[in-house]
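Given chain D, put chain L in place with the hints provided.
Each protein sequence line maps, in turn, to chains D and L. Numbered by the numbering used here, the letters in the first sequence go through residues 1 to 288 in order. Numbered by the numbering used here, the letters in the second sequence go through residues 1 to 145 in order.
Read the hints as simulated data drawn from the structure, not as lab findings. Heads up, some of the hints might be wrong.
Derived DEER-like restraints, expressed as beta-carbon distance ranges [as the list claims (entries may be wrong)]:
hint	chain 1	residue 1	chain 2	residue 2	range
1	D	S16	L	R3	56 to 64 Å
2	D	G110	L	P109	41 to 49 Å
3	D	G110	L	R51	21 to 29 Å
4	D	S16	L	G11	37 to 45 Å
5	L	H36	D	R130	57 to 65 Å
Everything numeric in this text was worked out from a predicted model, so none of it was measured. Even glycine gets a Cβ: it sits at the ideal position worked out from N, Cα and C.
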Amino acid sequence: MPALKDIRRRIASVKSTQKITRAMKLVAAAKLRRAQGAIVGARPYARKVAEIVAELALRAERTQHPLLADREPQRVLLVVLSADRGLCGAFNTNIIRATEHFREQLSAAGQTAQLVVVGRKGRDYYRYRRVALEDYLPGVDTNSAIPRAEALAALVSDHFISGQVDRVCVVYTAFKSAMSQAVAVEQLLPVVPAARTGGDEAPLDFLYEPSERELLATMLPIYVRVELQRAALEAIASEHGARMTAMENATTNAAEMARSLTLEYNKARQTSITKELLEIIAGAEALR
Amino acid sequence: MLRLELVTPSGALADTSVDELRLPGTLGELGVLPGHRPLLAALRSGVLAWRCGSQETTLAIGPGFAKVGALDSVLVVTERALRADQIDLDAARRALAASQTALQQWSAPLTNADDTPDPQYAALLDALRWAEAQIGAAASATGPR
Chain D
1 MPALKDIRRR IASVKSTQKI TRAMKLVAAA KLRRAQGAIV GARPYARKVA
51 EIVAELALRA ERTQHPLLAD REPQRVLLVV LSADRGLCGA FNTNIIRATE
101 HFREQLSAAG QTAQLVVVGR KGRDYYRYRR VALEDYLPGV DTNSAIPRAE
151 ALAALVSDHF ISGQVDRVCV VYTAFKSAMS QAVAVEQLLP VVPAARTGGD
201 EAPLDFLYEP SERELLATML PIYVRVELQR AALEAIASEH GARMTAMENA
251 TTNAAEMARS LTLEYNKARQ TSITKELLEI IAGAEALR
Chain L
1 MLRLELVTPS GALADTSVDE LRLPGTLGEL GVLPGHRPLL AALRSGVLAW
51 RCGSQETTLA IGPGFAKVGA LDSVLVVTER ALRADQIDLD AARRALAASQ
101 TALQQWSAPL TNADDTPDPQ YAALLDALRW AEAQIGAAAS ATGPR
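So here's chain D without its partners, still in its complex pose (with noise of 0.2 Å):
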């Protein structure tokens, strides 16, 4: 039987614990209605961007600009958007999980994988396997978004157009809601052109102003950054939004578990009192 006092001290250990996890649920909960509102305004944006850019890539040459060109994918750099902290669940786990299988598919075909990670989860663990990493950069929140999408911008252009890499890919969480979210790869670069619908409807013949070389040129690298700032900001919301349902779980399994280490610790106590009640009982017959 354990002692009461260490049931005492299980309980209020476990009671903190539990104060502790309510705080951060209430603080993800916050910052998650911020990431939330983020993302869903970004998303129309990114995606109207994203529809005129596949609709110019679609009659475009590809030798028309640098992030349209299509060279047989030989190294392949992953943009993996991981988070800082811990606590949220298998939210940087299955990041790590889906960059891990996709390395493993470009290793199968005889590709080369470089890894451009984002915030540190993700870089301790590669950092533990000894994997190098192309770059690092530390982790986003709803404020950073945009310069960090900037920088990853720049980064990955770079790398595309002097060819050390020949196809860029982003490994993130979409975000559904606070309860579900889905770690997504998609491919950024070369551009992916818009499919053609059916095939039966003649493809219209744009007019372009100014020229669509010209078009290209100023839109492709606003595509790059939008795309990258609207991954990031996925993955934002998704960290609050895991993180929110790890720390409400962890809050009710701590009741819980407060719950029954109280009544472990009544039981304990009733025993003691009636071992102490018989011991004082029999020691008096004994005296008689």
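Only chain L this time, still in chain D's reference frame:
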């Protein structure tokens, strides 16, 4: 009727039917009426105006793109946009004056060694055009006095 969608990073600003649309193209103002040819155009900071019946709406928009697609659908994406009633005219005038002074005093070369525009100079020009766009949009909303 044209179907106009106006989208910015902070959300969709308009999704309406309009009779006529004027866009600030990089090469000059573009007018769009129903039945326009499919067009992809780059936009600069300026005044975006549309008319629906007798009602005119003007906005100041930043650099962006416009797509006139099939079925008279018009899509405008821009970095920023302000409705006429959201514009702080005094602030825009101050920004205009500030960027004009800064541009007049500009003495460094306009392009870098690798022939790309100097980012600071480009930012100043951008600020100037944005201020002009806001003043223009506010002025045409209140009408000529």
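Evaluated hints:
no., hint, result
1, S16(D) <-> R3(L): 56 to 64 Å, "holds (59 Å)"
2, G110(D) <-> P109(L): 41 to 49 Å, "holds (48 Å)"
3, G110(D) <-> R51(L): 21 to 29 Å, "violated (59 Å)"
4, S16(D) <-> G11(L): 37 to 45 Å, "holds (42 Å)"
5, H36(L) <-> R130(D): 57 to 65 Å, "holds (59 Å)"
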